[in-house]
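Position chain B relative to chain A; hints supplied.
Residue strings, one per chain:
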Amino acid sequence: MDEGYLDQFLSLFDQFDVLAAFWVNIQLTAYAAVLALVIGTVLALMRISPVPSLRWAGATYVTLLRNTPLTIIIVFCVLGLWGQLGLTLSSDFQTNFFRLAVLGLAIYHAAFVCEALRSGVNTVPVGQAEAARAIGLGFWPAARLVILPQAFRGAVAPLGNVLIALIKNSTVAAAGSVAETSGLMRTMIEFRPDVIFAIFLTFAIGYVIIVVPVGLATTSLSRRLAVAR
Amino acid sequence: MSDLVLFDVPGPRTRRRMVVVNVLAVLVVAGLGAWALVLLDRKGQLAADLWQPFLAGSTWVDYLLPGLRDTLRAAGLAIVASAVFGLVFGLGRLSGSRVVRWLSGTVVEFFRAVPVLLMMIFFYQGISQLRVVEPRDVPLLAVVLALTLYNGSVFAELVRSGVHNLPHGQREAALAVGLRPAQSLRLVEVPQALIAMLPAIASQLVVILKDTALGAIITYPELLDASRRFGSGNGNILQSLLVAALVFIVINFALTSFAERLASRVGRLTAGAAKAEAPPLVVAAGADR
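Quick mapping for you: the protein sequence lines, in order, are chains A and B. Sequential numbering of the first sequence, starting at 1, is according to this note's numbering. Sequential numbering of the second sequence, starting at 230, is according to this note's numbering.
Hints are supplied without guarantee of correctness; some may be wrong.
Unchecked claim - Far from chain A, by Cβ distances over 12 Å, these chain B residues were calculated:
#: 1; residue: Val248
#: 2; residue: Ala263
#: 3; residue: Gly305
#: 4; residue: Gly321
#: 5; residue: Gly407
To be verified - What follows is a list of derived Cβ distance ranges for each label pair:
#: 6; chain 1: A; residue 1: Glu190; chain 2: B; residue 2: Arg490; range: 41 to 49 Å
#: 7; chain 1: A; residue 1: Arg229; chain 2: B; residue 2: Val309; range: 52 to 60 Å
#: 8; chain 1: B; residue 1: Arg244; chain 2: A; residue 2: Gly127; range: 25 to 33 Å
#: 9; chain 1: A; residue 1: Val42; chain 2: B; residue 2: Ala263; range: 17 to 25 Å
#: 10; chain 1: B; residue 1: Val361; chain 2: A; residue 2: Val42; range: 46 to 54 Å
#: 11; chain 1: B; residue 1: Val317; chain 2: A; residue 2: Ala59; range: 51 to 59 Å
#: 12; chain 1: B; residue 1: Trp280; chain 2: A; residue 2: Val227; range: 26 to 34 Å
#: 13; chain 1: A; residue 1: Ala59; chain 2: B; residue 2: Thr243; range: 16 to 24 Å
#: 14; chain 1: B; residue 1: Arg327; chain 2: A; residue 2: Leu145; range: 29 to 37 Å
#: 15; chain 1: B; residue 1: Arg244; chain 2: A; residue 2: Gly83; range: 18 to 26 Å
#: 16; chain 1: B; residue 1: Arg327; chain 2: A; residue 2: Thr88; range: 56 to 64 Å
#: 17; chain 1: B; residue 1: Ala259; chain 2: A; residue 2: Leu45; range: 50 to 58 Å
#: 18; chain 1: A; residue 1: Pro52; chain 2: B; residue 2: Gly398; range: 41 to 49 Å
Just so you know, these hints were derived from the structure itself, not from any lab. Since this is a predicted model, take the numbers as computed values, not measurements. Each residue gets a CB set at the ideal place from its N, CA and C atoms; glycine is no exception.
Bound conformation, chain A alone (with noise of 0.2 Å):
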């Protein structure tokens, strides 16, 4: 690697804003991330529910959305939802393709959020609900002051995980024609060919450096919040 290649390959930095693309996408991540936990929630609730039909309709959503590929829920989004509905999330244009694209990122992760925290559920022994019930609490009682905060601590490491599939995975918004980092990389390399290899890495170690504090934080976390049995 010469003087010439890593001048050249810096120049680039001058013409393309890579911070301002990963800066698209970790905003991606983030709203597609708080509307997926709300909405994950209220699945997760009703998956545990005495309710059949909403157990049910819980069930089916997460079964539907969770086998459906993200990139076809995203292309929906933008062709479906505000090609042929006239959905439209906002007068600006980029704006608009924005908000429909964390909203395809929210309804796909949903999916995953409420198994996450189904999961956190299974953590907890039968005992702990037993007792809960020997003492004379009810579903709500049980399930609030017992049941879910445990849940919601063994649900720590099985929702970084998802959070970490989702920052991966708001680079498919580039689907939904929103300017974000996998499209910018593309320009990148059409503008340059001859340093592909450094522009992918440059993209992929921002990434790296984006994911792995994530996982090591919701490790962590989850080994601290851990409830010792």
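Relative to chain A, chain B alone:
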């Protein structure tokens, strides 16, 4: 814990209350469905001529089935290649040599942290530049390579965590009867780890199949791309995307149910515990648990 342990067997009053809640819930869910249908109808999306094409043989023969064939081809190739990749790097992570362990660990953690789409675009543009393969084959190659590197790394992680989750006695017994560590790994531990991990491997196949749809972004003519072409040509993009999604759901649902059935069956063939879940994406980069 079964979900049903959260509440008692209902008494007469609770049962009455549950009937009411149940009816209300059915009304809400059905109401949402009806509302969606009304909205669709108001936009004219329920018109029969938009749905009719999917009953015609030519739609399937000319568009959807070739798309499905290309989806399955990419998925099949990626599955075989990831299995090889996973076995090699999984064994690498369990190797006695620290250098090999560190190297395989770095490779596996790197490819699990990079979005598949980035790799796909990189390979697509990189292989086009090299001009060593027919331009026609570049998208397929890029899809398979990207899926292999990511899912192969997940498989490697499955092999490693499968071996780690076996009881210590398996390895100790193998060493006690005179096998060398490498032989114990090859003859005793890895086969049992693979069986214990079969359900997780099966659910990873769903991930591979779903991720082939990313190929549409780099012009690979798979099912999503085919249905999008058909839909924009016939003015029924919404319907054709729904049909494509349905095809994916049916195949993946079959795979998932198979994985769950497998989890309950293979338990007795291994000393490890059969699990239907893949291990965490990032445990701790490079560090052994």
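Hint check:
no. : hint                               : in the structure
1   : Val248                             : 10 Å, violated
2   : Ala263                             : 14 Å, holds
3   : Gly305                             : 16 Å, holds
4   : Gly321                             : 19 Å, holds
5   : Gly407                             : 39 Å, holds
6   : Glu190/A with Arg490/B: 41 to 49 Å : 47 Å, holds
7   : Arg229/A with Val309/B: 52 to 60 Å : 42 Å, violated
8   : Arg244/B with Gly127/A: 25 to 33 Å : 26 Å, holds
9   : Val42/A with Ala263/B: 17 to 25 Å  : 20 Å, holds
10  : Val361/B with Val42/A: 46 to 54 Å  : 52 Å, holds
11  : Val317/B with Ala59/A: 51 to 59 Å  : 38 Å, violated
12  : Trp280/B with Val227/A: 26 to 34 Å : 51 Å, violated
13  : Ala59/A with Thr243/B: 16 to 24 Å  : 22 Å, holds
14  : Arg327/B with Leu145/A: 29 to 37 Å : 49 Å, violated
15  : Arg244/B with Gly83/A: 18 to 26 Å  : 48 Å, violated
16  : Arg327/B with Thr88/A: 56 to 64 Å  : 58 Å, holds
17  : Ala259/B with Leu45/A: 50 to 58 Å  : 20 Å, violated
18  : Pro52/A with Gly398/B: 41 to 49 Å  : 44 Å, holds
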